[in-house]
Amino acid sequence: MGISRRAALKGMLVAGAASAGVKPARAAVVPAPPADAVGLLYDTTLCIGCKACVVACRDANGLATDYGVATNTLYQAPVDLSPRAKTVIKLYAAADGMTRSYVKAQCMHCIDPACATACMLGSLQKREFGIVSYEPDLCVGCRYCEIGCPFGVPKFEWASAAPRIVKCELCRHRLAEGKEPACTEVCPRHAVIFGKRSDLLKEAKRRIAESPGRYIPKVYGETEGGGTQVLYLSHVPFEKLGLPELGDTPAPQLARSLQHGIYKGFVAPLALYGVLGVVMWRNRSAEAARANGEPR
Amino acid sequence: MTTRAVAVGGSVDTRATRALAGLLGLGGILILWRLIAGLGATTALNDGYPLGLWIAFDVVTGTAIACGGYAVAILVYILNKGRYHPLVRPALLTSALGYSLAGFSVVIDIGRWWNVWKVPVYFWHWNFNSALLEVALCIMAYVVVLWIELSPAFFERWQDSAILPLRRVSRWALPVLAKASIFIIALGLLLPTMHQSSLGTLMLLAGPRLHALWNTPLLPLLFLISCVSMGYAGVVFESALSSRAFGRKPETGMLASLAGAIVPLQVVWVVLRLGDLVWRGRLGLFVAGDGRAVMATLEFVLFLAPVVMLASPARRRDLGHLFRAAMVMIAAGALYRFDTYLVGFVPGAHWAYFPSVPELMITVGLVAGEVLAYIVIVRMFPILAGRQAVR
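If you read the sequences in order, they're chains A and B. Numbering-wise (my numbering), the first sequence opens with residue 1 and increments by one. Numbering-wise (my numbering), the second sequence opens with residue 1 and increments by one.
Just to be clear, a hint being listed does not mean it is correct.
[Said to hold, decoys possible] SDA-like mimics (lysine to any residue), calculated; alpha carbons at most 25 Å apart, straight line:
#1 B/Lys-118 - A/Gly-68
#2 A/Lys-240 - B/Asp-47
#3 B/Lys-81 - A/Gly-274
#4 A/Lys-90 - B/Lys-118
#5 A/Lys-264 - B/Leu-177
#6 A/Lys-51 - B/Gly-348
#7 B/Lys-118 - A/His-260
#8 A/Lys-264 - B/Lys-179
#9 B/Lys-179 - A/Ser-133
#10 A/Lys-126 - B/Trp-126
#11 A/Lys-264 - B/Tyr-49
#12 B/Lys-118 - A/Arg-290
#13 A/Lys-90 - B/Met-140
#14 B/Lys-179 - A/Lys-240
#15 A/Lys-90 - B/Asn-115
#16 A/Lys-126 - B/Ala-352
#17 A/Lys-126 - B/Phe-183
#18 A/Lys-264 - B/Met-140
#19 A/Lys-264 - B/Ala-352
#20 B/Lys-179 - A/Leu-138
#21 B/Lys-179 - A/Lys-90
#22 B/Lys-81 - A/Lys-51
#23 A/Lys-126 - B/Gly-48
#24 A/Lys-240 - B/Val-121
#25 A/Lys-51 - A/Gln-125
#26 B/Lys-179 - A/Ala-289
#27 A/Lys-240 - B/Val-144
#28 B/Lys-81 - A/Glu-287
#29 A/Lys-240 - B/Lys-81
#30 B/Lys-118 - A/Gln-125
#31 B/Lys-179 - A/His-260
#32 B/Lys-81 - A/Ile-208
Note that these hints are calculated values from the structure, not bench results.
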């Protein structure tokens, strides 16, 4: 009996230890982008910071005006992504005042999105064209997507009693009408362009090859966090633009392989359940035998 | 075989219960306000810190303290220490109340609460990649299991009820529950093992935004181990306070010998946590001496303090001393959870979070409601062991 008791405790520990990932369940797998993946390519050297994209995005998505910091200051534009701004233009200025760059922020449309990994009922998931899209009927408003996203993209309508998650969905309603996203349509300098991800990646590499020295020789989003469908070319280090240094491993990989390692086929929980039941049953029979005055 | 549980009796209308009801009422009004005005108007939550007090305390810490039912059940049913049986029902009651509170808090916390029924029902939409889905389904199931485990206490009273249907149901349910108990209790052991570890896995998804002092694949194991100590400490807390409040003999002997099993767990936690930090070469982060390093250091102090406090068997038998050690144990696990969910979460320098007054008062109101429910239930139903303990 002592043995089976130990087995039950061991089972519980093994469940924990497996969860501890002492041995990582699987090697990192970098996923391939969906075949129909579309995206954006943004080039800091072309952007003049006119914010036409910010306004066009607001109109195309029926968002209320976001006045930014406060309405009594002269500056009246959203300062960061918010429930009313799916894209914003920010300015980076180095301490020396010489190096400057604009940067456009919006959803990166990760190839392996952490927000979709987080989402209980798949409200946020990659749908057509690899676009990470949102289905409010399946959202309970838990905001776990906001914990997961390494770019801090999903925003929550805090001011509403019936809040939704708000993020760029690459104007999927416009794509359905055969149009391109609002931000790329209005950009006067083609600093942000729309296309198939594979074409955009080729174009980005062509620009780097054509003008050596003009860019940091890397396309951000080609592999970062497992790759994103929005790509960046920049003349200043990417981390200065709020694009975090991520490895090539998809951000949700570790959490997911742990979760899968423990619950694969639900075998471990079922086995543990069985062992617990058997141990208790034996304990109980032994107790009944004792109660009947039989020797132990 | 063991002592029989009996209802404490006495009036449920006292100064204390009125005060608790008042706090609960205030919390209820604030909850209504939150539902009407939204989360932005009532909480300090924001897009940088989307999870706050209600998740870190009511759910993540609260369910760990409510693991008393889990901790005691491991002992009684798996390690076959039947003499601890009198501890089972009160522990189950605190667990059932604590988990119900957590479930209720989640409903208040989530923005689109009217969709929550879809989580267990829309199984064809289940995202098995989501640690949160596992936690949500497990906690929902466990709340049901806990109340079923506890239900004989209610049926034992109602089997002599003057109301015929109630009497019939009770008399039918009691033998059925007795036969099914193994399956139910085993489920009651499996589910906490699953979701208490997953509560650790949950924050791993934050990836680079979870500070290196807490970011480890050991999170699930560390959460699981510490929930057992916290659950035990919760039982000590409950036992010490209820014995004083109702003028009953406390189960000091049992609690003291239980401490002997719990103290090593604290040590295991410290060894794992420290070993992991050494293994990953992260000790240097302590030298930084910033707020986060201080908090992580404090975790070790709080986890080790009960080990020292309960080192001598003689001191373990002093209920007051045991009680203080249990409080430190709860503080240790609570700090570790707050650190992982809030302190160690790094959304960016321009974000800040400290719970708002309505957030705090809703939590206070719900805890008051939990204590009130405990008092009413132990006075009316056979939960606590009888005075004439036969041991």
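Here is what the structure says about each hint:
1. B/Lys-118 - A/Gly-68: 36 Å, violated
2. A/Lys-240 - B/Asp-47: It holds: about 21 Å lies between the C-alpha atoms, which stays within 25 Å.
3. B/Lys-81 - A/Gly-274: 20 Å, holds
4. A/Lys-90 - B/Lys-118: Status violated; Cα separation ~39 Å.
5. A/Lys-264 - B/Leu-177: It is violated: about 31 Å lies between the C-alpha atoms, which goes past 25 Å.
6. A/Lys-51 - B/Gly-348: 24 Å, holds
7. B/Lys-118 - A/His-260: 23 Å, holds
8. A/Lys-264 - B/Lys-179: 31 Å, violated
9. B/Lys-179 - A/Ser-133: 49 Å, violated
10. A/Lys-126 - B/Trp-126: 15 Å, holds
11. A/Lys-264 - B/Tyr-49: 31 Å, violated
12. B/Lys-118 - A/Arg-290: Not satisfied, since the Cα-Cα distance of roughly 48 Å exceeds 25 Å.
13. A/Lys-90 - B/Met-140: 43 Å, violated
14. B/Lys-179 - A/Lys-240: 65 Å, violated
15. A/Lys-90 - B/Asn-115: 36 Å, violated
16. A/Lys-126 - B/Ala-352: 31 Å, violated
17. A/Lys-126 - B/Phe-183: 40 Å, violated
18. A/Lys-264 - B/Met-140: Roughly 21 Å between the alpha carbons, so the hint for A/Lys-264 and B/Met-140 holds.
19. A/Lys-264 - B/Ala-352: Not OK: A/Lys-264 and B/Ala-352 at ~38 Å, beyond 25 Å, violated.
20. B/Lys-179 - A/Leu-138: 39 Å, violated
21. B/Lys-179 - A/Lys-90: 66 Å, violated
22. B/Lys-81 - A/Lys-51: 70 Å, violated
23. A/Lys-126 - B/Gly-48: 24 Å, holds
24. A/Lys-240 - B/Val-121: 45 Å, violated
25. A/Lys-51 - A/Gln-125: Status violated; Cα separation ~28 Å.
26. B/Lys-179 - A/Ala-289: Satisfied, since the Cα-Cα distance of roughly 17 Å is no more than 25 Å.
27. A/Lys-240 - B/Val-144: Violated. A/Lys-240 to B/Val-144 sits at ~50 Å, over the 25 Å cutoff.
28. B/Lys-81 - A/Glu-287: Roughly 11 Å between the alpha carbons, so the hint for B/Lys-81 and A/Glu-287 holds.
29. A/Lys-240 - B/Lys-81: 60 Å, violated
30. B/Lys-118 - A/Gln-125: 17 Å, holds
31. B/Lys-179 - A/His-260: With a Cα-Cα distance of about 34 Å, the restraint between B/Lys-179 and A/His-260 is violated, given a limit of 25 Å.
32. B/Lys-81 - A/Ile-208: Status violated; Cα separation ~71 Å.
Against the hints set out earlier in the document, violations occur for numbers 1, 4, 5, 8, 9, 11, 12, 13, 14, 15, 16, 17, 19, 20, 21, 22, 24, 25, 27, 29, 31 and 32.
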